[in-house]
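Participant: Please take these sequences and the hints and turn them into a complete structure.
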Amino acid sequence: MFDELSLHILDVAMNSLAAQARVVQITVLESRKRDWLIVRIRDDGRGMEESELRRVLERGRSGKEGRKRPIGLGLALLRQTSEMCGGHFHVRSAPGQGTTVTASMRWSHVDRPPLGDLKTTMLALCISNPTVDVRLTYRSDGQRMCFSSQELIRKSESAREPQDGARLPSSSDFLASKNSRARPESRPALGRILGGEAVE
Amino acid sequence: MNLEELKKLKEKARQQVALREGEKKYRVVVSMGTSGIAAGARDVMKTLLNEIEKRGVEGVEVRVTGEIGLEDVEPVVRVEEAGGEKTTYAHLDAEKARRIVAEHLDKGRKVDDLAVGKEKKGE
Ligand SMILES: Nc1ncnc2c1ncn2[C@@H]1O[C@H](COP(=O)(O)OP(=O)(O)OP(=O)(O)O)[C@@H](O)[C@H]1O
Ligand SMILES: [Mg+2]
Numbered sequence: 001m002f003d004e005l006s007l008h009i010l011d012v013a014m015n016s017l018a019a020q021a022r023v024v025q026i027t028v029l030e031s032r033k034r035d036w037l038i039v040r041i042r043d044d045g046r047g048m049e050e051s052e053l054r055r056v057l058e059r060g061r062s063g064k065e066g067r068k069r070p071i072g073l074g075l076a077l078l079r080q081t082s083e084m085c086g087g088h089f090h091v092r093s094a095p096g097q098g099t100t101v102t103a104s105m106r107w108s109h110v111d112r113p114p115l116g117d118l119k120t121t122m123l124a125l126c127i128s129n130p131t132v133d134v135r136l137t138y139r140s141d142g143q144r145m146c147f148s149s150q151e152l153i154r155k156s157e158s159a160r161e162p163q164d165g166a167r168l169p170s171s172s173d174f175l176a177s178k179n180s181r182a183r184p185e186s187r188p189a190l191g192r193i194l195g196g197e198a199v200e
Numbered sequence: 201m202n203l204e205e206l207k208k209l210k211e212k213a214r215q216q217v218a219l220r221e222g223e224k225k226y227r228v229v230v231s232m233g234t235s236g237i238a239a240g241a242r243d244v245m246k247t248l249l250n251e252i253e254k255r256g257v258e259g260v261e262v263r264v265t266g267e268i269g270l271e272d273v274e275p276v277v278r279v280e281e282a283g284g285e286k287t288t289y290a291h292l293d294a295e296k297a298r299r300i301v302a303e304h305l306d307k308g309r310k311v312d313d314l315a316v317g318k319e320k321k322g323e
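Sequences listed follow chains A and B, in order.
Throughout the first sequence, residue numbering follows the numbering used here, covering 1 to 200 in sequence.
Throughout the second sequence, residue numbering follows the numbering used here, covering 201 to 323 in sequence.
Just so you know, these hints were derived from the structure itself, not from any lab.
These numbers come from a predicted model, not from an experiment.
Here a beta-carbon is modelled for each residue, glycine too, at the ideal position from N, C-alpha and C.
A few of these clues could be false.
Computed spacing ranges between beta-carbons, pair by pair [claimed, not checked]:
| # | chain 1 | residue 1 | chain 2 | residue 2 | range |
| --- | --- | --- | --- | --- | --- |
| 1 | A | Lys33 | B | Asp306 | 32 to 40 Å |
| 2 | B | Arg299 | A | Thr131 | 26 to 34 Å |
| 3 | B | Ala282 | A | Arg54 | 40 to 48 Å |
| 4 | A | Gln143 | B | Val217 | 26 to 34 Å |
| 5 | A | Arg22 | B | Gly256 | 31 to 39 Å |
| 6 | B | Val316 | A | Met1 | 18 to 26 Å |
| 7 | B | Ala282 | A | Gly142 | 26 to 34 Å |
| 8 | A | Val110 | B | Ala282 | 33 to 41 Å |
| 9 | B | Gln215 | A | Gln143 | 25 to 33 Å |
| 10 | B | Lys307 | A | Val110 | 47 to 55 Å |
| 11 | A | Arg22 | B | Arg299 | 33 to 41 Å |
| 12 | A | Glu49 | B | Glu211 | 37 to 45 Å |
| 13 | A | Pro95 | B | Arg299 | 29 to 37 Å |
Output of the computed footprint for chain A on chain B, the stretches with three or more beta carbons under 8 Å from beta carbons of chain A [stated by the list, open to error]:
| # | stretch |
| --- | --- |
| 14 | 226-235 |
| 15 | 252-264 |
Facilitator: Quick look at the structure:
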């Protein structure tokens with residue numbers, strides 16, 4: 001149904017906005033060398049009760065009951081894509097704790113959709129609710145970039161963002177990323193990423 | 201995605217949030233739920249933004265929202281005028297999105313053949 005991973009990302013992140021998130025952190029990690037690609041969407045929205053989460057994860061019938069159609073498809077679709085491509089799908093959520101959706105896949109799997117137009121996905125999310133901070137961290141074998149929608153609104157502040165030890169990667173961080181700051185040794189292990197903490 | 205593209209993205213998003221109350225003539229809302237995305241809503245949004253920029257149409261705010269209850273006729277876009285009138289356009293694609301910008305947003309003429317019924321109450 002979605003022929004780009006960036007369409008899945010848009011769809012799942014729209015759930016975060018619907019759940020009243022103030023910060024939505026999208027992380028895309030891909031390593032051709034290690035043959036995996038991981039997409040993670042984390043939010044600080046309302047989160048789900050265990051029973052709701054269980055219902056949502058039941059294949060093919062997530063979401064709102066008694067709705068016309070389709071019956072909550074978004075998460076089921078991403079799950080399908082990641083499992084079809086030799087990866088895993090995981091949702092961690094609790095009321096007041098936000099939600100983290102993680103989908104991994106084999107980079108080289110023939111069915112793996114391309115990342116596609118991530119830029120337009122980000123633009124759509126940025127103009128959905130301009131007061132929400134939509135963040136993107138992208139890493140590949142040789143590249144690292146970060147983006148935060150709130151920085152572009154508070155434009156003047158971005159230049160002064162502290163670089164080291166800052167929780168939120170700044171645009172100045174990104175601006176340097178194409179050359180000096182691509183540090184392959186800082187790539188976290190797969191286990192750590194799936195565990196939820198991918199910051200160095 | 202590269203540096204240049206991210207800079208442009210920032211600029212585009214900034215334009216969309218910089219509009220002040222008094223300057224707004226139209227608010228364009230793009231339905232971006234699962235069915236909308238599957239039907240091509242993201243491309244419709246992209247075309248709307250590009251076309252608005254290309255034509256230099258001013259006073260238009262584009263927003264993205266979750267499903268608005270019209271998943272059978274996606275992609276769907278709702279044009280809200282400052283005066284309160286709402287027009288819903290359905291079954292859109294890039295070409296039709298360009299017409300909405302050229303006719304409705306630029307010249308103020310509703311595109312009747314793309315509009316669906318009256319705005320349903322309480323959707
Ligand atoms: N980030 C989230 N925070 C809180 N609840 C969520 C989140 N993501 C999903 N949910 C809950 O899980 C349900 C299922 O999500 P899913 O995206 O699969 O379907 P949907 O949003 O209901 O419908 P669709 O995406 O098909 O329009 C949602 O309706 C919502 O109740
Ligand atoms: Mg959804």
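Participant: With reference to the structure, classify each hint as holding or not holding.
Facilitator: Hint-by-hint comparison with the structure:
Taking the beta carbon of each, A:Lys33 and B:Asp306 are about 50 Å apart, not inside 32 to 40 Å as hinted. A C-beta distance of roughly 32 Å is found between B:Arg299 and A:Thr131, which places it inside the suggested range of 26 to 34 Å. A beta carbon spacing of about 46 Å between B:Ala282 and A:Arg54 agrees with the range 40 to 48 Å that was offered as a hint. A:Gln143 and B:Val217 have their C-beta atoms about 28 Å apart, which keeps the hinted 26 to 34 Å range intact.
The hint said 31 to 39 Å for the Cβ distance between A:Arg22 and B:Gly256, and at roughly 34 Å that hint holds. Here the CB-CB span from B:Val316 to A:Met1 is close to 24 Å, well matched to the stated 18 to 26 Å. For B:Ala282 and A:Gly142, the Cβ-Cβ distance of about 49 Å falls outside the hinted range of 26 to 34 Å, so the restraint is violated. Checked against the hint of 33 to 41 Å, the pair A:Val110 and B:Ala282 fails, with Cβ atoms roughly 51 Å apart.
At about 27 Å, the CB distance of B:Gln215 to A:Gln143 agrees with the hint of 25 to 33 Å. For the hinted restraint 47 to 55 Å between B:Lys307 and A:Val110, the CB-CB distance of approximately 48 Å keeps it satisfied. The beta-carbon spacing between A:Arg22 and B:Arg299, approximately 37 Å, falls within the hinted interval of 33 to 41 Å. Remark: the range hint 37 to 45 Å for A:Glu49 to B:Glu211 is upheld by a beta-carbon distance near 41 Å.
Between A:Pro95 and B:Arg299 the beta carbon distance is about 45 Å. The supplied range of 29 to 37 Å is therefore violated. Residue count for the stretch 226-235 of chain B with a Cβ under 8 Å from a Cβ of chain A: 5. That meets the three needed, and the coverage hint holds. A count of 3 residues in the stretch 252-264 of chain B with a Cβ less than 8 Å from any Cβ of chain A is obtained; the coverage claim is therefore met, three being the minimum.
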